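K.L.:
My numbering puts the first residue of the sequence shown at 9, with every later residue one more than the last.
Treat the hints as calculated values from the structure; they're not laboratory data.
One or more of the hints may lead you astray.
Said to hold, decoys possible - In silico lysine-lysine, DSBU-like type, Cα no more than 30 Å apart, as pairs:
| # | residue 1 | residue 2 |
| --- | --- | --- |
| 1 | Lys179 | Lys256 |
| 2 | Lys1225 | Lys1180 |
| 3 | Lys942 | Lys640 |
Claimed, not checked - Cβ pair distances, simulated, as ranges:
| # | residue 1 | residue 2 | range |
| --- | --- | --- | --- |
| 4 | Lys144 | Ser100 | 15 to 23 Å |
| 5 | Asp223 | Glu159 | 51 to 59 Å |
| 6 | Pro94 | Lys144 | 22 to 30 Å |
Fair warning: this is a prediction, and the values are worked out from it, not measured in the lab.
Backbone N, C-alpha and C fix where the C-beta goes; we use that ideal spot for every residue, glycine too.
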Amino acid sequence: HLGKPPACSVPVPGSTKLEPPRRTWGSGEHPSGMALMNGSGPHESLKGEKEARQNGHEEADPGEDGNDQEVIVIQDTGFTVKICAPGIEPFSLQVSPQEMVQEIHQVLMDREDTCHRTCFSLQLDGNVLDNFAELKTIEGLQEGSLLKVVEEPYTVREARIHVRHIRDLLKSLDPSDAFNGVDCNSLSFLSVFTEGDLGDSGKRKKKGTEMEQIDCTPPEHILPGSKERPLCALQPQNRDWKPLQCLKVLTMSGWNPPPGNRKMHGDLMYLYVITVEDRHVSITASTRGFYLNQSTAYNFNPKPANPSFLSHSLVELLNQISPTFKKNFSALQKKRVQRHPFERIATPFQVYSWTAPQAEHAMDCVRAEDAYTSRLGYEEHIPGQTRDWNEELQTTRELPRKNLPERLLRERAIFKVHSDFTAAATRGAMAVIDGNVMAINPSEETKMQMFIWNNIFFSLGFDVRDHYKDFGGDVAAYVAPTNDLNGVRTYNAVDVEGLYTLGTVVVDYRGYRVTAQSIIPGILEREQEQSVIYGSIDFGKTVVSHPKYLELLEKTSRPLKIQKHKVLNDKNEEVELCSSVECKGIIGNDGRHYILDLLRTFPPDLNFLPVEGEEMPEECKKMGFPKQHRHKLCCLRQELVDAFVEHRYLLFMKLAALQLMQQKANKQESSGALENGASPENGTADSEKSESEDGKIDDNVTGLDQVKELAETIASDDGTVDPKSREVIRNACKAVGSISDTSFDIRFNPDIFSPGVRFPESSKEEVQDQKQLLKDAAAFLLSCQIPGLVKDCLDHTVLPMDGATLAEAMHQRGINMRYLGKVINFITKTPGRAQLDHIFKIGISELITRSAKHIFKTYLQGVELSGLSAAISHFLNCFLSSFPNPIAHLPADELVSKKKNKKRKNRNLGNADNTAWASMTPQELWKNICSEAKNYFDFSLECENADQAAEVYNLQKITLLREISLKTGVQILLKEYNFDSRHKPTFTEEDILNIFPVVKHVNPKASDAFHFFQSGQAKVQQGFLKEGCELINEALNLFNNVYGAMHVEICACLRLLARLNYIMGDYSEALSNQQKAVLMSERVLGIEHPNTIQEYMHLALYCFANSQLSTALNLLYRARYLMLLVFGEDHPEMALLDNNIGLVLHGVMEYDLSLRFLENALAISSKYHGSKSLKVALSHHLVARVYESKAEFRSALQHEKEGYTIYKNQLGEHHEKTKESSEYLKYLTQQAVALQRTMNEIYKNGSNANIMPLKFTAPSMASVLEQLNIINGILFIPLR
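I would like the entire structure built from these sequences, with the hints used as guidance.
P.N.:
Next comes the structure, spelled out in structure tokens:
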């Protein structure tokens, strides 16, 4: 049952209670090549394609004929059916052949006029349609068919579903689920700023030409130079959220369950309702529907009330008994269906909000019931109660994948099960830490306990049984799960048939790390020793191997760059492996080959693993490596391994090309010297010169193609290659460390330097080479990747705005976060350091909050549940408040109950004294933060408290609060905090609303869609916009097919589409796509995520182009507020934002305001791009234009001259920009002269002088739009 979501309908959280495939809506990290995201260059997006080719996935370009047929298969044409439901006029519905009958049910449960029905069947000519049948399989169903909605009798299950659905409809506008982080709801505020939907209603509301109506005054706190950073503005009041109250109470009655004789009358359950008019009624849910009975709170009387009224729908019954309900319920449904679908669709993974307003806790029976039954999503509707996660996860992997429709079905199933599993694992992990799950080994010490709940196995991140003793104990046990998860992610991505991994989710909650895994069938009945048939359970003392595993792992070794190698076991026998020793192979009772413990899939990072007697390369020593780390599980990231191999490949090509040229030259020399006495030197000299100048090889170095050809012929080994050329390749292979001497092939042996692993004598040389390769990779990270990252920041191809985006930028280049201190140090030594101020500031704030997080983690472990909010507010006070000595409030019962409760001793996971946390002081915390920064990141912070940190590093406390809350899962009350008061602490325990889990999981990818997306990007970058647009549209369809409607990658797709629509002149389509992109970014990434800020800016531009000026300004003001909150003012992106605001204000003739923003942009651009850059020249020109409009010609001339000088120096006198600027200068000078003449006239003849009125013109909208396009980097290119 995995039908394609229909184009016409969007299920709503409230309406999807029945269907298993509900949350097919995805999210996750950014795909690596999201180019055009910040207008980044073409190199970004092509990266992915290059890798694909290198790993031997020679995929056909989706644009080729082969794939076109496949695409057509999916887009079967839709048709229209008529639906006839009781009590309303028949209506038409557009459906598609792949849809299931189920999905028509969803549409009806979402429609305003049929949403109150849940228990019905659809009939065609009197035949009931099967819910899980695809429409194309139904006989006689065609264009114009009439489907009848027939009410069916209720069962207890159906009655519960009905009540839950009604409750969801009543709550559909209430944001509390989003604040509480449940059911995949999350926040979105776009509609507050656009006042509803943008599309056509924008045109109806008011024409943008009537300037007077527009109120352009920005809020005080976002003006340039403003120091206040209010928090409440983050969640503006949404008028729709003032809920229309339909009922006071709807709850299960205390008379449940019905006694036997009433069951035999068809009573299913009883409800208790208090209407807004304060009428208390008792309702029976029976097989035939709902009716009032005569019970009261104290007397049970199941007889129908008088007059009796039986209704199949609870809503119809409530409409009868409460006029207010009738009025408000229909108003509520109208509002509900007017909201943009993207505001209400569930996201694939839960997004948590770090702030929330104070909410009243209302009575809610369904919520109460959910909390006390083990309801897991919709599991109770599935036979056998709980789901067999392992079976589901593995079966979906086994689905066929020969053609596109099969692959889509498979990826969709994988994604769906995966997001369900992640949600279940998260709930389970929280239940484990909150003490609500029985351990399977209850008699052991708490840290050693393991849990099984809902077919998921949970273990805590502590070193039990000294497993990691040699690797760093508890610290190693804490990182192992994330390393293992990275391994699982990688093996899943390679996707070898027949090799299985466990479903794995890592949850950090309340200071504990919990690993959740699906369970291999039969593993719990066996001893570990007998089940492991490949790998080692004791880090390499005893090792076994298995031919089937070697065959399977061999297939992964090329893409993962893992070398097959031999190790010695305890009996000194050689054992062959194709992974690290701790990677274990277990055959489950289901006959599948599982691999687990993938924590060392990638090679070790020698910079953090000092080994006796091993010399590190010079580059490493210079930067103070190797450095002892807290654990010995540091490994290189996959991105680094890939970048290193790519780098070596270029080197290999270069060396081979040079040698071939030399050979050729030598040949020529022997033959040519006789003929014309030419010297061969220039040939080689040239090529060497090109190498040294470039560092990277140009594809035009002669000989490259020859090398490629030669490498291919040698690989095919048909004996036609002359020995000299063979020699060339062999030398090049040796020089770059390839494991083969006939072709380029770099692999790593993950067991090198593992304590306890021994290698046979025969592979001594190979091991030496491997050691060298690892040292080279460690040096490559320091000498290429870190400088590369900093260079990209200097060029502004990478624009991090907060900790998460900085971490992402580092990770994309394969730099682990433990190098953060080194990156910051590198920045401080970079020439042009001021242009990296923003990166430095983000780096420092990330360093401080990460160090604080490490301390917070152990701090929380010593806190009992009852002291949680007091402890967290105390920690935040010590961390951020200026108040010198905050005192922690111990929970009241600590003070009363002095009797030691012996029984509870075992439950508390922390072994510290439960009140030790209360004695922490700000001085002590900051001392710990500084020493943590030194020990972990090797960086010396120069601050002893929050105030000094803010001052020395120019940080904002509100930003630090956001970063620490996001990292630890803390949710705080939305209100204005006074961080700087020395008289009272900033936070009280009432300010801590919740603590959420921080979840790490695998993000299954939609591979075909991603290929289309990348080909589309490539086409766009070559200037083929039409073709690009088609490919991106196709990618969007495929993404929707796999992920459902909500996903980060879909967001990127929509943004690019909107940009293309805009460039191709379709402004309204651009607006519609970009509106979706903003909503999706808010919902999936967060309302103040840097990506959301960018989406707001793009949307503002398209709004302006659609002449919705006030909306454009509101959106820009919102973006500026968010940027101030997330980072502050001093950021290169802020210059772009302020230029946008200034231009729009200029267009609406708010000249003084406009200047404030444009002059701020000018200052920031000069700082970050250098005062001689073209961006600054443009900035001067924009300022000059506003001065011209104000008739202040002297200032205008001054700015335009600055701009002219830059153009002249950078582009030369004859460039069109320089000419334009010079023309404008002439014009300004004439205007200035004319004005002076008029003034003189006035002075001479007094006020009755005969003067020509001066022409002051407001700029035309077209000219403003033109400038907006220029600063946003949008070029209109003639379509090819």
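K.L.:
Look at each hint and say if it fits the structure.
P.N.:
Hint check results:
Annotation: proposed proximity of Lys179 to Lys256 holds, straight-line Cα distance about 13 Å (limit 30 Å). Between Lys1225 and Lys1180 the alpha-carbon distance is near 15 Å, which keeps this suggested pair within the 30 Å criterion. Restraint check: the Cα-Cα separation between Lys942 and Lys640 comes to about 18 Å, which is no more than 30 Å; the hinted pair holds. Distance hint check for Lys144 and Ser100: the Cβ-Cβ separation is about 19 Å, which falls inside the suggested range of 15 to 23 Å.
Separation of Asp223 from Glu159 is about 52 Å and conforms to the stated range, judged on CB atoms against 51 to 59 Å. Between Pro94 and Lys144 the beta carbon distance is about 28 Å. The supplied range of 22 to 30 Å therefore holds.
Checked against the numbered hints above, the structure breaks none of them.
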